[in-house]
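> Here is how the chains run, residue by residue.
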Amino acid sequence: MNIREIHWFKFASPQNFYYLAGRMLPWFVALATLLAAAGLWISFFVAPVDAQQGQGYRIIFVHVPASQMAMFIYLVMASWAGFGLAFNTRLSGMMASALAPTGALFAFLSLVTGAVWGKPMWGAWWVWDARLTSTLILLFLYLGFLALQSSIDDPRRADKACAVLALVGVVNVPIIYFSVKWWNTLHQGASVSLTKSAMASTMLAGMLIMLFAFWMYAIAMALSRVRNIILERERHTEWVKYAVE
Amino acid sequence: MQWNSVSEFFAMGGYALYVWGSFGLTAAVMIIEVLTVRKQRHDILRNLRQELQSEITRS
Numbered sequence: 020m021n022i023r024e025i026h027w028f029k030f031a032s033p034q035n036f037y038y039l040a041g042r043m044l045p046w047f048v049a050l051a052t053l054l055a056a057a058g059l060w061i062s063f064f065v066a067p068v069d070a071q072q073g074q075g076y077r078i079i080f081v082h083v084p085a086s087q088m089a090m091f092i093y094l095v096m097a098s099w100a101g102f103g104l105a106f107n108t109r110l111s112g113m114m115a116s117a118l119a120p121t122g123a124l125f126a127f128l129s130l131v132t133g134a135v136w137g138k139p140m141w142g143a144w145w146v147w148d149a150r151l152t153s154t155l156i157l158l159f160l161y162l163g164f165l166a167l168q169s170s171i172d173d174p175r176r177a178d179k180a181c182a183v184l185a186l187v188g189v190v191n192v193p194i195i196y197f198s199v200k201w202w203n204t205l206h207q208g209a210s211v212s213l214t215k216s217a218m219a220s221t222m223l224a225g226m227l228i229m230l231f232a233f234w235m236y237a238i239a240m241a242l243s244r245v246r247n248i249i250l251e252r253e254r255h256t257e258w259v260k261y262a263v264e
Numbered sequence: 407m408q409w410n411s412v413s414e415f416f417a418m419g420g421y422a423l424y425v426w427g428s429f430g431l432t433a434a435v436m437i438i439e440v441l442t443v444r445k446q447r448h449d450i451l452r453n454l455r456q457e458l459q460s461e462i463t464r465s
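Chains as they are written, first to last, in the numbering used here: chain A, 20 to 264; chain B, 407 to 465.
Read the hints as simulated data drawn from the structure, not as lab findings. Note that CB positions come from ideal geometry on N, CA and C, so glycine has one too. Misleading hints may appear alongside valid ones.
The calculated label-pair distances, taken between Cβ atoms and stated as ranges, are [said to hold, decoys possible]: (1) A/Tyr196 x B/Thr463: 31 to 39 Å; (2) B/Ser460 x A/Phe197: 52 to 60 Å; (3) A/Ala31 x B/Val440: 45 to 53 Å; (4) B/Arg444 x A/Leu227: 23 to 31 Å; (5) A/Met218 x B/Arg444: 35 to 43 Å; (6) A/Glu251 x B/Ala433: 57 to 65 Å; (7) A/Ala70 x B/Val435: 26 to 34 Å; (8) B/Arg444 x A/Phe64: 26 to 34 Å.
Reference listing, derived: stretches of chain B covered by chain A, where coverage requires no fewer than 3 residues with Cβ under 8 Å from a Cβ of chain A [stated by the list, open to error]: (9) 413-427; (10) 430-441; (11) 447-453.
Only part of the chain B face toward chain A is listed, based on derived beta-carbon distances under 10 Å [claimed, not checked]: (12) Trp409; (13) Arg444; (14) Leu458; (15) Glu461.
Full structure from sequences and hints, please.
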């Protein structure tokens, strides 16, 4: 099939995307489950004990993927929001609102698992360190997005206001990412780099597989939540009546 | 295999509370999120069907 024959904008309509998301959902659920099972197996049974932190370092297998997903989901959410502002497509705002709760939960998990890791290793649950503080701001940005969304009754106006908030907040993501380089912090530097890696290869593999598992989970959650949002917002259309029968 | 016994596995080298706490919390948050979205879908579908039903009986 010629690539130009595919009607790309066909799936920008909420109706078509509702069915497409429903068909994609089981695949992402299956992938997330399989990857999580493999990732957990490596996290607990394959990856060796850490020389400095003993078995306590195993928190890394949830902490790092959760933190990276919190940042990545924010970027995806802001992209959808920006796309919605630029092209005025209804689905974009719905996707942004479908991603926000999952992103907020990952930011929350990042902070809590970080605190639980910090207590035995640093001796403190929390320090006002650049990386921790900027991650806390990320959580507040997500919560602000959700609060703004629910405070405006007209969903199209809410989408626009939230899109502006999401785009302004994007500046925080590189601050989180580079915080360990720009400031002198207690938080350790990047565990993964392209040139040299500071970890054993099985540790790295476990972390990446957990990251992919979280990624698939986030896609599955966004798809199932956007289906709910589509049904609610399109409730007075004929196709929804037909779909729920 | 990294462990000699089941109790050693659960003890996590003395970090049991921290390691199991963080994995447990992550799992709990994910399960709650899945259940919340599922319940939301259930409620929306029920409301829509009720609306549809009342429309049919009125006409």
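> Where does the structure disagree with the numbered hints, that is, which hint numbers, in rising order?
When the structure is compared with the hints, numbers 1, 3 and 6 turn out to be violated.
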